[in-house]
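Protein sequence lines correspond, in order, to chains A and B.
136 is the number of the first residue of the first sequence in my numbering; add one for each residue after it.
582 is the number of the first residue of the second sequence in my numbering; add one for each residue after it.
Since the hints were derived computationally from the structure, they do not count as laboratory data.
A virtual CB, placed ideally from N, CA and C, is assigned to each residue, including glycine.
A hint or two may mislead.
As the list claims (entries may be wrong) - Heads up, simulated DSBU-like pairs for lysine-lysine below, C-alpha to C-alpha not over 30 angstroms straight-line: (1) Lys266/A x Lys227/A; (2) Lys612/B x Lys777/B; (3) Lys658/B x Lys312/A; (4) Lys843/B x Lys825/B; (5) Lys658/B x Lys159/A; (6) Lys658/B x Lys266/A; (7) Lys365/A x Lys183/A; (8) Lys183/A x Lys206/A; (9) Lys227/A x Lys391/A.
Unchecked claim - Some chain B residues close to chain A (C-beta under 10 angstroms, calculated; not the full set): (10) Glu601; (11) Arg603; (12) Leu615; (13) Glu618; (14) Glu626; (15) Glu631; (16) Pro653; (17) Leu654; (18) Ser689; (19) Ser691; (20) Trp692; (21) His696; (22) Glu733; (23) Glu734; (24) His736.
What the hints assert, rightly or not - A short list of chain A residues far from chain B (calculated; beta carbon distances all over 12 angstroms): (25) Phe197; (26) Val203; (27) Gly204; (28) Gly208; (29) Gly218; (30) Ser228; (31) Thr276; (32) Val287; (33) Gly294; (34) Arg358; (35) Gly399; (36) Ser401.
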Amino acid sequence: MKVPRKQVRRVDGLTFTNVLTGGKLTLLCDAKTDGSFLVHHFLSFYLKANCKVCFVALVQSFSHYNIVGQKLGVSLTAARERGQLVFLEGLKSSVDVFFRAEEEAHPLHFLREAHAGNLQPLYEFVQVALKPADREEAAWTCPVLLVDDLSVLLSLGVGAVAVLDLVHYCRAAVCWKLQGNIVALVHDSGDTEDEENDILLNGLSHQSHLILRAEGLATGFCRDVHGQLKILWRRPSQPAAQRARSLTYQYKIQDKSVSFFAKGMSPAVL
Amino acid sequence: MESLLALGGLVLLRDSVEWEGRSLLKALIKKSALSGEQVHILGCEVSEEEFREGFDSSINSQLVYHDFFRDPLNWSKTGDALPGGPLGVLRAMCTRTGPGPVTIALDSLSWLLLHLPCTTLCQTLNALSHKDSCPGDSFPSEHVHVLGLLHEELHGPGPLAALSTLAQTEVTLSGTGDQASACILYRRPQQRPIHKTQWFSILPDFSLDLQGVSPLKSQPHADAYTSPVDLSTHLTFNLHLSKKEKEAKDSLTLPFQFSSEKQHALLRRGLSQATSHIFYEPDAYDDLDQEDPDDDLDI
Chain A
136 MKVPRKQVRR VDGLTFTNVL TGGKLTLLCD AKTDGSFLVH HFLSFYLKAN
186 CKVCFVALVQ SFSHYNIVGQ KLGVSLTAAR ERGQLVFLEG LKSSVDVFFR
236 AEEEAHPLHF LREAHAGNLQ PLYEFVQVAL KPADREEAAW TCPVLLVDDL
286 SVLLSLGVGA VAVLDLVHYC RAAVCWKLQG NIVALVHDSG DTEDEENDIL
336 LNGLSHQSHL ILRAEGLATG FCRDVHGQLK ILWRRPSQPA AQRARSLTYQ
386 YKIQDKSVSF FAKGMSPAVL
Chain B
582 MESLLALGGL VLLRDSVEWE GRSLLKALIK KSALSGEQVH ILGCEVSEEE
632 FREGFDSSIN SQLVYHDFFR DPLNWSKTGD ALPGGPLGVL RAMCTRTGPG
682 PVTIALDSLS WLLLHLPCTT LCQTLNALSH KDSCPGDSFP SEHVHVLGLL
732 HEELHGPGPL AALSTLAQTE VTLSGTGDQA SACILYRRPQ QRPIHKTQWF
782 SILPDFSLDL QGVSPLKSQP HADAYTSPVD LSTHLTFNLH LSKKEKEAKD
832 SLTLPFQFSS EKQHALLRRG LSQATSHIFY EPDAYDDLDQ EDPDDDLDI
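With these hints in hand, go ahead and build the complete structure from the sequences.
Shown next, in the form of structure tokens:
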């Protein structure tokens, strides 16, 4: 993401230099807008940083992410071939579930159950995908789990507590044991009073170290400013800074990058 | 805040995404440990290393950490998980017969509430915080402190109210700007509940730095009220009637009120001289036929 220097002072949060330090859960959240540009950013960011990435992609096809990734300078096909990227294509593999014998483990096994229980098979898939194989130990830097997105699991009948348990176990396995990072997208249902989604969003917020919230502008659609991004730092290492530190920027999504600027400082209005 | 641990029973620490409460929980745990109490921690949300971070070794040696972070639901099936899960551990603590005061910290009560039925949890907490002393033991039940960290936004009003009624003390974390505050509600038996707002900060070694108390439950920045302006001065109209005006008003008959005088006035109309007349000069084109004003009926 390019930050125009003339208008905005360099902010560590936007360059995310601290995100590579490991053991962090970053929550991406969008309200009244599409926050998937953040998912594409993190995917290309971590692949370029030579991390081993497990991407649980439930919303779009592989080729969609690949096309956007190419604009951002990474080839998902190449990453997958060299073993850097483990890609679970939800749309394709959900159909496979029904053509397998029931006893065979499948990460999306919950789709077969009348009452969707827990997401343990999905957790085990992630665990296996990011487990450092002996010969690869020196090859990749920290492991990363990327999920797009968790709200889809609620739509598929999984309870909010089951999704929170999945993230809890992934945190234990990826953040704590492997000192890796997790980035997950959740939608904020806003005024629609979706209790399950609210529990999921609030529960994840309490578990997160960094929350990036993309919001549509309160005044509606604008051609030059696509939305605003609120950055919230939580669980700082020193207890003295108790309140979650927050910053707000506005952004415009361009073809190959996103430009950020302080509120009201869009080049279109200056 | 000093008296938070003086009262026994359940202390609810209600935090939010913006104002986290784990630091305060750790600060209270440190206080308990420094006063020589045994401290048990039911850790469901963060790893043991993360929880113990910031405590020095003397404090850490007094903390007994029950780890439910790594495998709370026994998915790994390695047999490492503590039997009975978190509920089993809580129930075991209820029947503990060791002497001396003890502090039990629940990190977090929200996790327990999401995974256990509310009634079971409330019954266990009640048994825990009102633990009967062993026969012959002179320690009163005030010596069991249960500190429960609760994330307010995760639960509906029902479970929150249920836990509220069980709690002897409720601390709600909030603040303004960078300054944290705790709204404390003390429920002492046979006394009225007391509200207090305590401003505080937590130092890097998890000691509490208390600043300022205000008795008001709501915002501590209660702006000094200016005396309300008397708006009834300098008006261009009357707000009140004088006695004479009031009498005149009361004696006025309303136009549609049918009184006997009006009846007589109507009957006598023909005899009175001051009647009004309407003089009408019709134009050449005026149609005096009221029944066909448009003159288009073909009769």
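To see whether the hints hold, each was checked on the structure:
1. Note on lysine 266/A and lysine 227/A: the hinted pairing holds, with a Cα-Cα distance of about 24 angstroms set against a maximum of 30 angstroms.
2. The suggested pairing of lysine 612/B with lysine 777/B holds, with an alpha-carbon distance near 20 angstroms, which does not exceed 30 angstroms.
3. The straight-line distance between the Cα atoms of lysine 658/B and lysine 312/A is roughly 17 angstroms, inside the 30 angstroms bound, and the hint therefore holds.
4. About 25 angstroms separates the Cα atoms of lysine 843/B and lysine 825/B, which keeps this hinted pair within 30 angstroms; it holds.
5. For the suggested pair lysine 658/B and lysine 159/A, the alpha carbons sit about 26 angstroms apart, so the restraint of at most 30 angstroms is met.
6. A hinted pair counts as satisfied when its Cα atoms are at most 30 angstroms apart, and lysine 658/B with lysine 266/A qualifies at roughly 18 angstroms.
7. Restraint check: the Cα-Cα separation between lysine 365/A and lysine 183/A comes to about 25 angstroms, which is no more than 30 angstroms; the hinted pair holds.
8. Between lysine 183/A and lysine 206/A, the direct Cα distance comes to roughly 13 angstroms. Compliance with the 30 angstroms bound is thereby established for this hinted pair.
9. Only pairs whose Cα atoms come within 30 angstroms are accepted, and lysine 227/A paired with lysine 391/A is accepted, the gap being roughly 27 angstroms.
10. Given the 10 angstroms rule on beta carbons, the hint for glutamate 601/B holds: about 6 angstroms separates it from the nearest Cβ of chain A.
11. With a cut of 10 angstroms, the hint placing arginine 603/B at the interface with chain A holds, because the nearest CB-to-CB distance is about 8 angstroms.
12. Here the hint on leucine 615/B is broken, as its CB sits about 17 angstroms from the closest CB of chain A, past 10 angstroms.
13. Residue-level restraint check for glutamate 618/B is violated (minimum Cβ-Cβ distance to chain A is 21 angstroms; threshold 10 angstroms).
14. With a cut of 10 angstroms, the hint placing glutamate 626/B at the interface with chain A holds, because the nearest CB-to-CB distance is about 7 angstroms.
15. Proximity of glutamate 631/B to chain A holds as hinted, the smallest CB-CB distance being about 8 angstroms (cut-off 10 angstroms).
16. The beta carbon of proline 653/B comes within 7 angstroms of a beta carbon in chain A, closer than 10 angstroms, and the hint placing it at the interface holds.
17. Interface restraint check: leucine 654/B against chain A, minimum CB-CB distance 6 angstroms, threshold 10 angstroms, status holds.
18. The beta carbon of serine 689/B is positioned within 10 angstroms of a beta carbon in chain A (closest approach about 8 angstroms), and the interface hint is therefore held.
19. The interface hint given for serine 691/B is met, as the beta carbon of that residue sits about 8 angstroms from the closest beta carbon of chain A, less than 10 angstroms.
20. For tryptophan 692/B, the interface hint holds, the least distance from its beta-carbon to any beta-carbon of chain A being 9 angstroms, beneath 10 angstroms.
21. A least Cβ separation of about 7 angstroms between histidine 696/B and chain A falls short of the 10 angstroms threshold, and the interface hint therefore holds.
22. Among the interface hints, the one on glutamate 733/B holds; its C-beta lies about 9 angstroms from the nearest C-beta in chain A, closer than the 10 angstroms criterion.
23. The closest approach between the C-beta of glutamate 734/B and any C-beta of chain A is roughly 4 angstroms, which is under the 10 angstroms cut-off, so the hint is satisfied.
24. Interface restraint check for histidine 736/B: the shortest CB-CB distance to chain A comes to about 8 angstroms, inside 10 angstroms, so the restraint holds.
25. For phenylalanine 197/A, the condition that its CB be more than 12 angstroms from all CB atoms of chain B holds, with the nearest at approximately 29 angstroms.
26. Every CB of chain B is more than 12 angstroms from the CB of valine 203/A (nearest about 30 angstroms), matching its label as outside the interface.
27. A cut-off of 12 angstroms between C-beta atoms confirms that glycine 204/A is not in contact with chain B; the least separation is 32 angstroms.
28. Every beta carbon of chain B lies more than 12 angstroms from that of glycine 208/A, the smallest distance being close to 34 angstroms; the non-interface claim holds.
29. Separation of glycine 218/A from chain B is adequate, the least Cβ-Cβ distance of about 26 angstroms exceeding the 12 angstroms criterion.
30. The Cβ of serine 228/A sits about 21 angstroms from the closest Cβ of chain B, beyond the 12 angstroms cut-off, so the non-interface label holds.
31. Every CB of chain B lies more than 12 angstroms from the CB of threonine 276/A, the least distance being 21 angstroms, so the non-interface label holds.
32. No Cβ of chain B approaches the Cβ of valine 287/A within 12 angstroms, the least distance being about 21 angstroms, so the stated non-interface status holds.
33. Residue-level check failed: glycine 294/A sits 10 angstroms from the nearest beta carbon of chain B, not beyond 12 angstroms.
34. Distance check on arginine 358/A: its Cβ is at least 32 angstroms (rounded) from any Cβ of chain B, clearing the 12 angstroms threshold; non-interface status holds.
35. Distance check on glycine 399/A: its Cβ is at least 22 angstroms (rounded) from any Cβ of chain B, clearing the 12 angstroms threshold; non-interface status holds.
36. Non-interface call for serine 401/A relative to chain B: holds, since the shortest CB-CB distance, roughly 28 angstroms, exceeds 12 angstroms.
Against the hints set out earlier in the document, violations occur for numbers 12, 13, 33.
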